[in-house]
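Visitor: Spelled out from the first residue to the last, the chains are:
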Amino acid sequence: MLPFAFEWHWDIGHIIFFGLFYGVISVVFGTLTLTILKTILDLWDGVIHSPDH
Amino acid sequence: MRRWLDDLPKYADDSSWWPTGTTRCRPEVFLLWLGLPLTIMAYFTVSALLVLVLGLNQTNMNDYFAFGVWIVVDLAVIALGAGAFFTSFLNYIVGKTELKPIVNAAVLIGFICYTGAILMLGIDIGQPLRGWFGFWHANVHSMLTEVMFCITTYAIVLCIEILPTVLDNRRIGKVPEFGTFSHNLHTIMIVFAAAGTFLSFFHQGSLGGMFGVLYARPFAFRGHLGIWPMTFFLFIMSAIAAGPSFTTMCVMITEKITGKRLTTHKVKMLMGKISGWLLLVYMVAKSADTLYWAHFNLPAAGVTFDSMFHQPYGIWLMWLELGVCGWLPALMLLTPRVRESYGLMFVAMLLTCIGVTLNRFIFTIQTLALPVLPFEKFYAYLPTWQEWGIASLVLGHGLLIFMLAYRYLPLFPQEPELNQQ
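Line by line, the protein sequences give chains U and Z. Residue numbers for the first sequence follow my numbering, beginning at 1 and rising by one. Residue numbers for the second sequence follow my numbering, beginning at 1 and rising by one.
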């Protein structure tokens, strides 16, 4: 549910529940995106890693 | 055609995909083994089709038993899968690197437990295509909303956590893009481990909290600490105690089936010790909670302790859970001589896992079996074969993923060294 949905209420329950939910989702997908970007930059610079790290 | 058949063993040779320095059984033997999970999944498919097409009349759930074996199995596998988040937490955040040889297996087992539970819940909700309604029309006053948010998000985290192990496959890892991505994921894994710990901690708690807030059901209702009922904390404690035991047990069973040593006994003993201490803390809290419930909560609700137990759910279940599958394995796992013995440690871990499963069964089924209105009776519940079929998905799906992962992924870094000819 997003704040523009008709069921949304600006109360403590919605703010805590969805704040934490979207917070964790942002951290997880943000970190994954950064890792993908770093991989692209590494490959661009010719830095290649093998599984035996 | 004849030539193709002659060349079949060459085409079927998958040894270049096996983890470096390991050997696996011949492909035809492996295919035979795969027959077991595939048969279980066929049983699941028939049961799921019957339930989805004909409805819940295929089950023995009714107005009394809104929850049945699916929820029992669901709660049990989620508790047993807690080894993933707790082992990752200890390895990546606390810095207990001695657990590194078993952390891949722990994450894989967690992944199996959580995805299995989600797939089973897809049938339980009746209309799987409307599964997303829980996100969009969220009831923020329900413990189950938090559970749903956390379980689905944690399943995503587990997919990311298992990804480096998949990319480290001998052939896949040779692709520079995958090898580099896997390396970068390894370096940032602490963030995912922290997110997983947060999510898992809260949904384990909320699963327990869901029972503790049932004000009209004195069997489950408990006193609160802040906004959380005691069951919130008890479910977390029992899950983190049983999770490491279940992970180690799965590794031990794999060792016995494959005839190979996968981790050193020292690693297993450490897992046993962690499980033992956590189980002891849980048992102290659980015993205190049970005493308080019997002496204060029940009289306050106007019922007696004896009225909570009817056959087949007699008081023996409570003694079995707290005594044989609670205090006994806790004391066993804390005894160094027991941990040194492969067999005894396995028995203690098995009892721990049975104990936590029994706890989830008692909270789900016995709570609902007890009458709450004067004109109601006490009822017992037995699942139909269709319900067992859907519950068996976790086993079939788990065996299939674990067998494929063991064959092709570097799950056990110590395996090549421990099995040198």
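Quick caveat, the hints were computed from the structure, so don't treat them as lab data. None of the values given here were measured: they were computed from a predicted structure. Treat each hint with caution, since some may be false.
Unchecked claim - Partner residues aside, some chain Z positions facing chain U, computed with beta carbon under 8 Å:
id : residue
1  : GLU98
2  : TRP132
3  : CYS159
4  : ILE160
5  : GLY173
6  : THR180
7  : PHE181
8  : LEU185
9  : LEU404
Said to hold, decoys possible - In silico DSBU-like links for lysine-lysine, alpha-carbon gap of 30 Å or less:
id : chain 1 : residue 1 : chain 2 : residue 2
10 : Z       : LYS174    : U       : LYS38
11 : Z       : LYS10     : Z       : LYS260
12 : Z       : LYS377    : Z       : LYS174
13 : Z       : LYS256    : Z       : LYS96
14 : Z       : LYS273    : Z       : LYS260
15 : Z       : LYS256    : Z       : LYS377
16 : U       : LYS38     : Z       : LYS260
17 : Z       : LYS174    : Z       : LYS260
18 : U       : LYS38     : Z       : LYS96
Claimed, not checked - Simulated DEER-style distance windows between Cβ atoms:
id : chain 1 : residue 1 : chain 2 : residue 2 : range
19 : U       : LEU37     : Z       : ALA300    : 28 to 38 Å
20 : U       : GLY19     : Z       : ALA66     : 28 to 38 Å
21 : Z       : GLN127    : U       : ASP11     : 37 to 47 Å
22 : U       : TRP10     : Z       : ILE253    : 50 to 60 Å
23 : U       : GLY19     : Z       : ASP63     : 30 to 40 Å
24 : Z       : TRP132    : U       : LEU37     : 51 to 61 Å
25 : U       : ILE36     : Z       : ALA300    : 54 to 64 Å
26 : U       : ILE36     : Z       : PHE378    : 48 to 58 Å
Quick reminder that beta carbons are idealized off the backbone N, C-alpha and C, glycines included.
Visitor: Compare the structure with each hint and give your call.
Guide: Results of checking the hints against the structure:
1. GLU98: violated (19 Å)
2. TRP132: violated (11 Å)
3. CYS159: violated (10 Å)
4. ILE160: holds (6 Å)
5. GLY173: OK, holds: GLY173 (chain Z) within 8 Å of chain U, min 3 Å.
6. THR180: Holds, about 5 Å.
7. PHE181: holds (4 Å)
8. LEU185: holds (6 Å)
9. LEU404: violated (18 Å)
10. Z:LYS174 / U:LYS38: holds (19 Å)
11. Z:LYS10 / Z:LYS260: Between LYS10 (chain Z) and LYS260 (chain Z) the Cα gap is close to 26 Å, so the pair holds against 30 Å.
12. Z:LYS377 / Z:LYS174: Distance of about 65 Å is beyond 30 Å: violated.
13. Z:LYS256 / Z:LYS96: holds (27 Å)
14. Z:LYS273 / Z:LYS260: Holds, at about 23 Å.
15. Z:LYS256 / Z:LYS377: violated (47 Å)
16. U:LYS38 / Z:LYS260: violated (38 Å)
17. Z:LYS174 / Z:LYS260: It holds: about 26 Å lies between the C-alpha atoms, which stays within 30 Å.
18. U:LYS38 / Z:LYS96: Holds: LYS38 (chain U) and LYS96 (chain Z) sit about 27 Å apart, inside 30 Å.
19. U:LEU37 / Z:ALA300: 28 to 38 Å: violated (58 Å)
20. U:GLY19 / Z:ALA66: 28 to 38 Å: Given about 31 Å between the Cβ atoms, the range holds.
21. Z:GLN127 / U:ASP11: 37 to 47 Å: For ASP11 (chain U) against GLN127 (chain Z), whose Cβ atoms are near 29 Å apart, the range 37 to 47 Å is violated.
22. U:TRP10 / Z:ILE253: 50 to 60 Å: holds (52 Å)
23. U:GLY19 / Z:ASP63: 30 to 40 Å: holds (37 Å)
24. Z:TRP132 / U:LEU37: 51 to 61 Å: violated (29 Å)
25. U:ILE36 / Z:ALA300: 54 to 64 Å: Since the Cβ atoms of ILE36 (chain U) and ALA300 (chain Z) sit about 56 Å apart, the hinted range of 54 to 64 Å holds.
26. U:ILE36 / Z:PHE378: 48 to 58 Å: holds (57 Å)
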